[in-house]
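**Q** What follows is the residue order along each chain.
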Amino acid sequence: MTAAGASDGVTSGGATLTGGSADVGTSDGGHPATAALIAARSTAVLEANWRKTHTVPAAGLYPHQWSWDSSFIAMGLRRVSPRRAGQEMDALFAGQWDDGRLPQIIFDPHRDQDYAPGASFWQSRSIPGSPRHAETAGLVQPPNHAWAVWKIHQADPAESRRRSFLQRSYPKLVHWHEYLSGRRDRGGSGLACIVHPWESGTDNSPLWDTVMTRIPADCKTVLNRPDLQHADAGERPSQKEYGKYFWMAERYRDHGCDDADPDYPFLLEDPMFNTLLAVSELALADIAAELGLPGEAHAERAARITEALEALYVPELGCYSARDVTDGTVVPKATINGLIPLLLPDHANTDQLLETLNGPRFMDGRALMVPSYDATAEDHNPALYWRGPAWFNMSWMVSEALERLGRTGQAEFLRGNIGRLAAQHDFPEYVDPWTGAAHGTRSFSWTAALALETTYHRSAL
Amino acid sequence: MTLITVQEQHLPGTSLEEKFEYALAWGYDGIELRSAGDLKFKARLPELRRARNAGVIMPTACVDMTHFVGAFDGELRRDAVVQLKSQLSVMAEIEGRGVMTPASYGMFSKRLPPFIPPRTADEDTAVLMEAFSELGEHAAAEGVEIYLEPLNRYEDHMINTLADGVRLLKLVGQDSVRLAPDTYHMNIEESDPAAALQDAAGYIGHVQASDSNRLEPGAGNIDWALFGATLKSIGYQGTVALESRLSGPAEDVLPRVPSLLGRYL
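So the protein sequences, as listed, match chains Y and L.
Heads up, the first sequence is in this note's numbering, so the first residue is 281 and it goes up one at a time.
Heads up, the second sequence is in this note's numbering, so the first residue is 116 and it goes up one at a time.
If you are wondering where the hints come from, they were derived from the structure by calculation, not from laboratory data.
Every value quoted in this text rests on a predicted model; they were computed, and no experiment measured them.
Zero decoy hints are in this set.
No more than 30 angstroms apart at the CA atoms, straight line, and that leaves these computed lysine-lysine pairs for DSS-like:
id	chain 1	residue 1	chain 2	residue 2
1	Y	Lys452	Y	Lys431
2	Y	Lys500	Y	Lys520
3	L	Lys225	Y	Lys332
4	Y	Lys452	Y	Lys332
5	Y	Lys332	L	Lys285
6	L	Lys157	L	Lys200
Footprint (simulated), chain Y over chain L, 3 or more residues, beta carbon under 8 angstroms:
id	segment
7	306-319
8	336-346
Here are the computed distance ranges between Cβ atoms for each label pair:
id	chain 1	residue 1	chain 2	residue 2	range
9	Y	Asp370	L	Ser306	14 to 20 angstroms
10	L	Gln124	Y	Arg684	50 to 56 angstroms
11	L	Ser306	Y	Gly686	42 to 48 angstroms
12	L	Gly363	Y	Glu580	45 to 51 angstroms
Cβ atoms here follow ideal geometry from the backbone N, Cα and C, with glycine treated the same way.
All chains should be modelled from the sequences, with the hints used to inform the complete structure.
**A** As structure tokens, this is what we get:
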């Protein structure tokens, strides 16, 4: 299950770093020496997965550049090289479409056989408004990019200014947000819609189950599953799910990716996607201020999104959920997506969200990291992708939110486990939230990036 | 802890003790010596002993000669080995760590006419293996190390990349023979300098720092953050010596370097 070739970089370090990972696993993740070891190994993973202009999420399973992965990766990569972190975002912006969308994937033309659906499925250059010099997917991913750009700038403002990083990024980010707030507001509610589970970043989350029942599985594409060469089938979405994923991708593609298909069946407002849009609007306000530009409109948009999100709050669950725009129903399921609004400042439901986070559905006083799905649900599966396991990016976002809320003790608890479990298990894609057992691929880039980010200050002591 | 040193010719002062005071004042931890041929380095022993006794930190020496261990001429090659063995003994006596040398410098480039060197690659390897095997045994006996510095393609035709160096070091197979990457040469030769350092991690004994234009770090376009993070990642504990030309008066430009490198190391 280890991504081919990627793990070499983890253990190829100097004499002080060899000898396995037991020392990390049994030590206090908050100790400076252990933090330094976690940082060293994280750096090695990021350097092994670097591909001259961008970082692949994992060398075997995910051989292209993924949109929101790159943002999370850059948030940690800025601790290795602010310049590389900037290049990571530049490479992503090079795939921007004329309508402003930042695509889910920018394909490496040399690896088209290694991931499906690839460039040959999307044929993006035949779609009007796609970039001339890059092959991309037509879908998008959650908009964490302005947040990342601002963090990269903060890591080394002098280097950022010297390279005009914010000047060139800002208009692209504004265009991206205009796309999401414009064409993607399919419900007219002030929230952006996703048109495919892949756009949520939480591909097989239970949030999509009901809608998926009405999606046909008879896609035209002959299904090829290169992902199963790198991960156990029991830890990946099923073949039937893949048929539905492809059916939707085909329909979206064949409608020119124009967001105007009136009968398109998958239109969901996801609380995490829209929270990240609001967080990124606030980052755009900071970026605008740094550039001497007016930023009030960004703060106002963040406030409007925050307000619109209230329609997705489910009091009986104590968290947010996704709304099906085709019929207006809010999915009655508690997932990690519904806790991410904790990141929003001045939030009306913060206390309830914290209660839910620490209640039986999620941490329950015993989880090491935040489960992706309601632990009290009958179909909670702590080993299956987005249907139970804990993911490093989600726990990191929760730790960021807790820090902002002054809950530093719990924030530090999560950060410590992020670094420790990442290094202990060779930077897994996700873990069992209760035992920390590793699942999915290894040497996973955002796991390494966020492990580095959480240990950076301690490792520098 | 990584020591940041500066080569002695850049420092003002008439004695090593005076130069060391400047080095410390400018933020460096020590001095990299330049070791001349004709046994001139050995002739400096009284000066070097005095400096050592005065507490001057001099962990490494960099050869300052006109011929090297990979010379086409057998006599010059032999002399280079004799000189380096003497220099290694001197460094042992003053409690230093070792001496660095390239395979050759300015002798031949496959990128410049006449393009075809007079020896085959196998013959080059045999010559270098013989020299570094002898130097490695001597260094080990003296308790110091010999460092091989890969040079860019215009300055040497045998060992250009860190991978070239590692290949030779594996053939030699002695712990006392180690690699000395120089960031200026790496900038020309390595497609991914961080990956090259990661791949060579177990072999690196010394590092020289110089920017993309051979000026002092900070005067060119090398990514020093990446450089520092990578050395930390591989657990590097050796010395980083400034070997470069200077973009301005030493007293103006040299004090900027330790704060730049120290930020990341």
